[in-house]
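Produce the complete structure using the sequences and hints provided.
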Amino acid sequence: MNELKIVGKSIKKIDAKDKVDGTAVYPQDIYLENMAFGVTIRSTRPHAYIKVDTKEAEKIDGVIKVFTYKDVPGKNHHGVVLKDHEVFASKKVRRIGDPIAFIVAETKEIAEYAKNFVKVEYEEIPAVFDPEEAMKEESPKVHDRDNVFYHFKIRRGDVERAFLECDVIVENVYKVPMVDHAFLQPEAGVAYLDEDGRVVVIASTQYPHFDQEEIAESLGVNKDMVRVLTPAVGGAFGGREDITVQIHLAIAALTLKRPVKTIYSREESFLAHSKRHAMKMYYKTGALKDGTLLALEAKIIGDSGAYASWAMNVLRKAAVHATGPYYIPNVKVDSFAVYTNNPFTGAMRGFGATQVPIAYEQQIDILAEKLGLTPIEIRLKNCFREGSETSTGQILEGFIPLERCIEELKSF
Amino acid sequence: MEAIKPKSLEEVLEYKYKYKNDAKIIAGGTDLIIKIRKGEENPKVILDISTIQELKGIRETLEYIDIGSATTFTKISECILLNKNLKGLKDAAKSVGSPQIRNRGTVGGNICNASPAADTVPPLLALDSILVLERKGRKREVYLKDFFKDKGRVDLGEDEILTRIKFKNLLKNQGLGFYKLGLRRALAISRLSFAVFLEIDEMNRIEIIRIASGAIGRFPMREYELEEYLTGRIINEDTLKEAESLLERIIFERLKGRQTAKFKSIAAKGVFKKALLNALYLCKGVNEFEKN
Amino acid sequence: MKKRGKGIACIFYGTGYGNGFPDVSRAYARLLKDGKVEISVGATEVGQGAKTVMVQIAAETLGLSDKDIVLINEDTSKTPDAGTAAASRQTYNTGNAVKIACENLREKILDEAVKLLGVNTKVGLHIKDGLIHVKSYPSRNVSLKEIAENNKELKAEGIFTAQTTQMDENGQGAPYWPYTFASCAVEVEVDTETGEVKILRAKHVLDVGRAVNPTLVEGQIDGGFAMGVGYALMEDIGLKEGRMTNGSFEKSIIPTSLDIPEIEKVLIEYP
Amino acid sequence: MNLKKIDVNINGKDYCLEVEENLRLIDLLRDKLHLTGTKEGCGEGECGACTVIMDGEIVNSCLVLAFQADKCRIITIEGIEDEIIKNSFIEEGAVQCGFCTPGMVLAAKSLLDKNLNPNEEEIREAISGNLCRCTGYNKIVSAIKKAASIKRGGDSE
Numbered sequence: 001m002n003e004l005k006i007v008g009k010s011i012k013k014i015d016a017k018d019k020v021d022g023t024a025v026y027p028q029d030i031y032l033e034n035m036a037f038g039v040t041i042r043s044t045r046p047h048a049y050i051k052v053d054t055k056e057a058e059k060i061d062g063v064i065k066v067f068t069y070k071d072v073p074g075k076n077h078h079g080v081v082l083k084d085h086e087v088f089a090s091k092k093v094r095r096i097g098d099p100i101a102f103i104v105a106e107t108k109e110i111a112e113y114a115k116n117f118v119k120v121e122y123e124e125i126p127a128v129f130d131p132e133e134a135m136k137e138e139s140p141k142v143h144d145r146d147n148v149f150y151h152f153k154i155r156r157g158d159v160e161r162a163f164l165e166c167d168v169i170v171e172n173v174y175k176v177p178m179v180d181h182a183f184l185q186p187e188a189g190v191a192y193l194d195e196d197g198r199v200v201v202i203a204s205t206q207y208p209h210f211d212q213e214e215i216a217e218s219l220g221v222n223k224d225m226v227r228v229l230t231p232a233v234g235g236a237f238g239g240r241e242d243i244t245v246q247i248h249l250a251i252a253a254l255t256l257k258r259p260v261k262t263i264y265s266r267e268e269s270f271l272a273h274s275k276r277h278a279m280k281m282y283y284k285t286g287a288l289k290d291g292t293l294l295a296l297e298a299k300i301i302g303d304s305g306a307y308a309s310w311a312m313n314v315l316r317k318a319a320v321h322a323t324g325p326y327y328i329p330n331v332k333v334d335s336f337a338v339y340t341n342n343p344f345t346g347a348m349r350g351f352g353a354t355q356v357p358i359a360y361e362q363q364i365d366i367l368a369e370k371l372g373l374t375p376i377e378i379r380l381k382n383c384f385r386e387g388s389e390t391s392t393g394q395i396l397e398g399f400i401p402l403e404r405c406i407e408e409l410k411s412f
Numbered sequence: 001m002e003a004i005k006p007k008s009l010e011e012v013l014e015y016k017y018k019y020k021n022d023a024k025i026i027a028g029g030t031d032l033i034i035k036i037r038k039g040e041e042n043p044k045v046i047l048d049i050s051t052i053q054e055l056k057g058i059r060e061t062l063e064y065i066d067i068g069s070a071t072t073f074t075k076i077s078e079c080i081l082l083n084k085n086l087k088g089l090k091d092a093a094k095s096v097g098s099p100q101i102r103n104r105g106t107v108g109g110n111i112c113n114a115s116p117a118a119d120t121v122p123p124l125l126a127l128d129s130i131l132v133l134e135r136k137g138r139k140r141e142v143y144l145k146d147f148f149k150d151k152g153r154v155d156l157g158e159d160e161i162l163t164r165i166k167f168k169n170l171l172k173n174q175g176l177g178f179y180k181l182g183l184r185r186a187l188a189i190s191r192l193s194f195a196v197f198l199e200i201d202e203m204n205r206i207e208i209i210r211i212a213s214g215a216i217g218r219f220p221m222r223e224y225e226l227e228e229y230l231t232g233r234i235i236n237e238d239t240l241k242e243a244e245s246l247l248e249r250i251i252f253e254r255l256k257g258r259q260t261a262k263f264k265s266i267a268a269k270g271v272f273k274k275a276l277l278n279a280l281y282l283c284k285g286v287n288e289f290e291k292n
Numbered sequence: 001m002k003k004r005g006k007g008i009a010c011i012f013y014g015t016g017y018g019n020g021f022p023d024v025s026r027a028y029a030r031l032l033k034d035g036k037v038e039i040s041v042g043a044t045e046v047g048q049g050a051k052t053v054m055v056q057i058a059a060e061t062l063g064l065s066d067k068d069i070v071l072i073n074e075d076t077s078k079t080p081d082a083g084t085a086a087a088s089r090q091t092y093n094t095g096n097a098v099k100i101a102c103e104n105l106r107e108k109i110l111d112e113a114v115k116l117l118g119v120n121t122k123v124g125l126h127i128k129d130g131l132i133h134v135k136s137y138p139s140r141n142v143s144l145k146e147i148a149e150n151n152k153e154l155k156a157e158g159i160f161t162a163q164t165t166q167m168d169e170n171g172q173g174a175p176y177w178p179y180t181f182a183s184c185a186v187e188v189e190v191d192t193e194t195g196e197v198k199i200l201r202a203k204h205v206l207d208v209g210r211a212v213n214p215t216l217v218e219g220q221i222d223g224g225f226a227m228g229v230g231y232a233l234m235e236d237i238g239l240k241e242g243r244m245t246n247g248s249f250e251k252s253i254i255p256t257s258l259d260i261p262e263i264e265k266v267l268i269e270y271p
Numbered sequence: 001m002n003l004k005k006i007d008v009n010i011n012g013k014d015y016c017l018e019v020e021e022n023l024r025l026i027d028l029l030r031d032k033l034h035l036t037g038t039k040e041g042c043g044e045g046e047c048g049a050c051t052v053i054m055d056g057e058i059v060n061s062c063l064v065l066a067f068q069a070d071k072c073r074i075i076t077i078e079g080i081e082d083e084i085i086k087n088s089f090i091e092e093g094a095v096q097c098g099f100c101t102p103g104m105v106l107a108a109k110s111l112l113d114k115n116l117n118p119n120e121e122e123i124r125e126a127i128s129g130n131l132c133r134c135t136g137y138n139k140i141v142s143a144i145k146k147a148a149s150i151k152r153g154g155d156s157e
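Protein chains in written order, with the numbering used here: chain A, 1 to 412; chain B, 1 to 292; chain C, 1 to 271; chain D, 1 to 157.
These are computed hints drawn from the structure, not numbers from a lab. No false leads were slipped in.
Label pairs and their in silico Cβ distance ranges: (1) Gly257(B) / Glu58(A): 45 to 55 Å; (2) Lys198(C) / Glu225(B): 26 to 36 Å; (3) Gly7(C) / Asp167(A): 21 to 31 Å; (4) Lys175(A) / Thr61(B): 52 to 62 Å.
In the EDC-like style, the derived pairs of lysine to aspartate or glutamate whose C-alpha atoms are separated by at most 20 Å in a straight line are: (5) Lys24(B) / Glu160(B); (6) Lys136(A) / Glu241(C); (7) Lys175(A) / Glu235(C); (8) Lys203(C) / Glu408(A); (9) Lys240(C) / Glu267(A); (10) Lys13(D) / Asp27(D); (11) Lys2(C) / Glu237(B); (12) Lys38(B) / Glu20(D); (13) Lys24(B) / Asp70(D); (14) Lys223(A) / Asp81(C); (15) Lys108(C) / Glu157(C); (16) Lys51(C) / Asp18(A); (17) Lys240(C) / Glu132(A).
Don't be surprised by glycine CBs; every beta carbon is placed ideally from N, CA and C.
In structure tokens:
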């Protein structure tokens, strides 16, 4: 390989200077001429049919318009995989925090004041909060379909027979909670029309080109008519994968033909974006006397909350990584993504591969203890090496330095 | 809302007399501004006392250490006038929120908001502090231990404000220890705290003990039953064990029915013990909190 | 009583969307009139350093300094789709797209250099510090600026797709590539009387391939570790009938500077 | 809402302003003066992104009402010309998303103005009111160490 001159060097981060000077521009830092301000009305009930009356709010001096699902020019939906989010809830809300209306007013203060005058009538319906409850047939349905919307399986070898051959078996249930990305910059954005009549949306997002498509679809325009600008983004960690401010702002700017801005408070940020999937992980791991792992059976239930977001990819990734980086010849994994009326969950740093280590690594430690091995010994015995086969039958080729990673810990 | 920035204490009392309960005192603002924004408070008038010099600072009189109610936590934690034996008060002030909060937040606000988790209140209780309350043309004193009426409610007249907090300076064989359990090491709201004032003789016999707890009741409070038990005893492992199990029973009883009852009644033992040992080391002139 | 203990853990992680998803990244490169090269990349800078590593990869590929790369970013009307800034995919996927775009541009530049230098082949030409030299006769050279001035726009595209396959009904297949490996050790102190946990020290060993910018890689380790500390010890969205009971920074806590220890970091690099 | 007249010095410049009585200092800085380097991350003093230096001490500008700043001297990130601290942040990799950075720089400045030889614990304590979700703090700590060392006259360690 040629000698590298720049790759491999810790050159200064090119956006760092503006950030230390305080001149880096985040969406909330943008102030435009004639800019209106928007605030979002959100559901306060986890599962209810709704009726919305915006008349009183619209009469308030300084309120320009209150947008609801009726004002969505194109499709009233979005979503990274399934289009199961509504831009504005039309008939029913599925979680606390679902957007229902967007009040646009001359100032932030007026918009905030007008919130008190948007009437939302809730007719509450039975809700479900526990994913395992939600899996039952008689459980309330969050969408017009089965709550279990994804089931992924791994079948490798013969788990049942292998467990009979194991000298030691460890069986446990692990639960991990939802957590928030807690990026420091709450969601904010500005939208306006440029000279060419395009809708420009300035927002913090992880994937501007996908936002562009989703915005265009809800506006009912060709995607070339939408331009997404991503100035400084104040952290993301997966929490900016799903649409939050973008479509509301685009609709308002396009309709009103003037710039519109919105900024979420920290509390609204918690309501608006996804969470890390809470998971319940049933684990059974078996090994031979010498520590060789022989079989693993796992059932992983992910609480997707009210919407799918990236749940399929997250639960798939959880399943594929369920063995940990260890060769196990007999594997049976079932992972499920389940709708509930909880906050929706989606991408967050590690994407399903973060939850499962809490289970598989504790299993390994317990096995080691039972077998009189050290945590390092049992890992070295089973860890993936060049040529190892994963539970999906993938052969690991190239540079697989896990053994070295573990050896490095011996001196700790 | 009308915002007023009086120039002197006299002016403050004048306004307070004029507006009574319509006027809310703002000093650090670290609680009030949040409450106003959440709509939990909607005062007609706010009186800013954050720059009134008469209400700031710590001084020593013949008998007392005397702290102005608008003195910030930073000033308390850095005050050289507060001697080593008062370390528990400094520790408590240092444990409040963050440097930014400590630079604004005041001891008077901490007392008057009457939050169960107020960090500096348990040490001030253990010091048996006296509050100076002033209204136009009149001044009165009340013991801090008698000041709290309920969660968030205090014995303060509608035209009255807290101006000073005073307590007796400590002697060589006295010490004030504090320990706080938070969920993290900074920006932590107290889950549980204890302050212990201790006076011992050469045999480690407890001459006087005053114990105050935080975050295990409707407001920070003295733990009289425990004090009574410990008074006159020699501090040793058996005494500690006995005291701890008594404390566990007291706390469990107090929090009965609450989710936190079990955790707090057990953790309280450890937190109390640390506060007590901190006090003990100060009495004996040992600097470091030793590992146990 | 305070008790101390050590623990270790290992992980592997499959990069990207995976499972046969059309995981495509695109990038453009263009020679500017002043001899600098503009790269147009849609990958979002979320703080991780995407802008910086894309510039480094372009500069390396073209034999230029990072100062000679002009980055176009932050605007969908000026950048091609690079997929999402997630799943640890941008440096690998979009970085490769930038590399390919720059390699393609390099070939076009060299084609033009052949004409200007009057040599018979581009074999043996190389770019250094904004000049194209005949390797064995460096005084015969032409600058990128001259090439730009003598040509209408030279530009190129790079497309990179990470190869993965969709798994079958038994979950068999090659769903992710590449996988990365890591190990971690911590020593903690637990106060058995109060339940307080203190992390005393930690060590992280990470298989990173080739660290494009080691400081940025270390920053990811530090940040990921802190998030892990929060996940293990303090973070938990409280839910009651679908309602978050701690949806604010007052109630929902993340680690502060005092909760995180120094971390010994080891980067395992290859090639 | 009544307006209140205040005299305030911001970044060395005297302002005579009329402010709403419930206006927060952060809103004054951002919305009225467009000094947007001061960030709002939580609005309740928990994150420190809105840190400014007020009469020599760091405060959360979301927890100060603008009228309280009457006769005060405020320094925001825009008024910080301390290139040693800023460069140390850049060189040590202490900046990722950057949203906490202005507050961190101000906290660092406030520390080093008082103590040129802080130990690790003092540095961590000084920035403990500033949350960062990206860096895990370690590189910020080393940036402050480095800045302190340069200020003491040493080189960059």
